[in-house]
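Asks: Sequence:
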Amino acid sequence: MNMRLLDGRILIRPTVRPTTTESGLLHIPETHARPIPSTGTIVLMSHQSPDVTVGDIVAFSNTVGQLITIRDEDLLLIPESEILAVFEPSNKE
Numbered sequence: 005m006n007m008r009l010l011d012g013r014i015l016i017r018p019t020v021r022p023t024t025t026e027s028g029l030l031h032i033p034e035t036h037a038r039p040i041p042s043t044g045t046i047v048l049m050s051h052q053s054p055d056v057t058v059g060d061i062v063a064f065s066n067t068v069g070q071l072i073t074i075r076d077e078d079l080l081l082i083p084e085s086e087i088l089a090v091f092e093p094s095n096k097e
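Under this note's numbering, read the sequence shown as residues 5 to 97, first letter to last.
Just so you know, the hints here were simulated from the structure itself, not pulled from any lab data.
There's no promise every hint is true.
What the hints assert, rightly or not - Pairwise CB distance ranges, derived in the manner of DEER restraints:
| # | residue 1 | residue 2 | range |
| --- | --- | --- | --- |
| 1 | S85 | R8 | 18 to 24 Å |
| 2 | S85 | S27 | 18 to 24 Å |
| 3 | L9 | E92 | 20 to 26 Å |
| 4 | E92 | V20 | 18 to 24 Å |
| 5 | D11 | N95 | 16 to 22 Å |
The beta-carbon is built from N, C-alpha and C at its ideal position, and this holds for glycine as well.
Take the sequences, apply the hints, and build the full model.
Replies: Set out below in structure tokens:
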């Protein structure tokens with residue numbers, strides 16, 4: 005199935021956060037009163053943008069978007085305007 009996004013939308017593969025620690029213990033994150041930004045990788049865009057492109061890792065608020073499932077994979081559909089930051093690779097060696 006092919007998909008064409010409309011109206012400035014971006015499809016993101018959310019970064020999976022570990023639910024256990026390195027030692028195998030269950031990790032239950034603290035809850036916060038304010039929304040915590042989430043991160044993910046852009047997999048599809050409705051249009052070309054000077055700010056982001058497919059493959060970019062971006063930060064966005066976890067209070068926006070629509071979760072959809074495609075081929076057993078959970079993806080997030082958000083407006084481009086809800087992207088808060090783009091992570092750029094570091095040139096440190």
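Asks: Confirm or reject each hint.
Replies: Hint check results:
no.: 1; hint: S85 to R8: 18 to 24 Å; verdict: holds, 19 Å
no.: 2; hint: S85 to S27: 18 to 24 Å; verdict: violated, 41 Å
no.: 3; hint: L9 to E92: 20 to 26 Å; verdict: holds, 24 Å
no.: 4; hint: E92 to V20: 18 to 24 Å; verdict: holds, 21 Å
no.: 5; hint: D11 to N95: 16 to 22 Å; verdict: violated, 36 Å
When each numbered hint is compared with the structure, violations occur for hints 2, 5.
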